[in-house]
Amino acid sequence: DAGVTQSPTHLIKTRGQHVTLRCSPISGHKSVSWYQQVLGQGPQFIFQYYEKEERGRGNFPDRFSARQFPNYSSELNVNALLLGDSALYLCASSPRGRNTGELFFGEGSRLTVL
Amino acid sequence: AQSVAQPEDQVNVAEGNPLTVKCTYSVSGNPYLFWYVQYPNRGLQFLLKYITGDNLVKGSYGFEAEFNKSQTSFHLKKPSALVSDSALYFCAVREEYTNAGKSTFGDGTTLTVKP
Numbered sequence: 002d003a004g005v006t007q008s009p010t011h012l013i014k015t016r017g018q019h020v021t022l023r024c025s026p027i028s029g030h031k032s033v034s035w036y037q038q039v040l041g042q043g044p045q046f047i048f049q050y051y052e053k054e055e056r057g058r059g060n061f062p063d064r065f066s067a068r069q070f071p072n073y074s075s076e077l078n079v080n081a082l083l084l085g086d087s088a089l090y091l092c093a094s095s096p097r098g099r100n101t102g103e104l105f106f107g108e109g110s111r112l113t114v115l
Numbered sequence: 005a006q007s008v009a010q011p012e013d014q015v016n017v018a019e020g021n022p023l024t025v026k027c028t029y030s031v032s033g034n035p036y037l038f039w040y041v042q043y044p045n046r047g048l049q050f051l052l053k054y055i056t057g058d059n060l061v062k063g064s065y066g067f068e069a070e071f072n073k074s075q076t077s078f079h080l081k082k083p084s085a086l087v088s089d090s091a092l093y094f095c096a097v098r099e100e101y102t103n104a105g106k107s108t109f110g111d112g113t114t115l116t117v118k119p
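Residue numbers (this note's numbering), protein chains in the order written: chain A, 2 to 115; chain B, 5 to 119.
Not one of these hints is a red herring.
Just a few of them, taken from the derived set where beta-carbon distance is under 8 Å, the chain A residues facing chain B:
#1 Ser32
#2 Ser34
#3 Gln42
#4 Pro44
#5 Phe46
#6 Gly57
#7 Leu91
#8 Ala93
#9 Ser95
#10 Gly102
#11 Glu103
#12 Gly107
#13 Gly109
If you're looking for bench data, these hints aren't it; they were derived computationally from the structure. Just so it is clear, the structure is predicted and the values come from calculations on it, not from any experiment. Glycine included, each C-beta is placed from N, C-alpha and C at the ideal position.
Using the sequences and the hints given, assemble the complete structure.
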């Protein structure tokens with residue numbers, strides 16, 4: 002069975018540009034979360050979506066937005082990129098919004114902002 | 005609010021020796037606790053979790069962790085370390101009944117196992 006898939010795996014942007022990152026959850030999983038992992042730090046929660054609705058948002062500026070599609074895949078959008086947005090962006094899925102289980106992570110999208 | 009502390013940035017052990025990676029947490033209610041491992045340029049892989057019940061939980065690759073409510077700790081342990089255990093380890097917490105995606109992670113501990 003396919004795990005969580007993310008695209009692109011690597012990308013380079015310049016300050017002020019916009020980026021869209023994509024995530025496909027494990028089949029049957031309806032919840033998708035996005036995390037930002039800056040080098041040397043743990044993942045920081047950005048968004049959670051469940052059944053196409055936003056169920057939580059971390060402490061990130063409005064430049065960050067996301068959505069979930071009817072097939073439960075998700076996009077993370079970041080506008081007006083800053084150098085500090087350079088990070089590994091991780092997508093994680095889980096079967097339901099509230100459950101006792103673990104998160105299933107993709108390999109991440111490595112964003113470099115120059 | 006919930007938080008996690010991993011007090012050691014780096015842990016070094018010799019192959020065959022026991023290892024411990026420390027984690028303490030803070031939540032308002034009952035915690036759900038997790039350990040994940042990350043290899044270079046990869047996503048996080050689940051190792052084990054504590055939800056309720058026995059304080060000693062066993063997980064993948066021979067790892068185990070002990071939940072200690074009074075000390076608010078959830079240390080990761082393995083009786084005999086392997087070189088292949090060398091990786092970055094993250095402890096994570098979320099409050100009982102919160103959405104699965106809203107986990108709080110520590111900053112990670114790099115485990116190096118030397119032959």
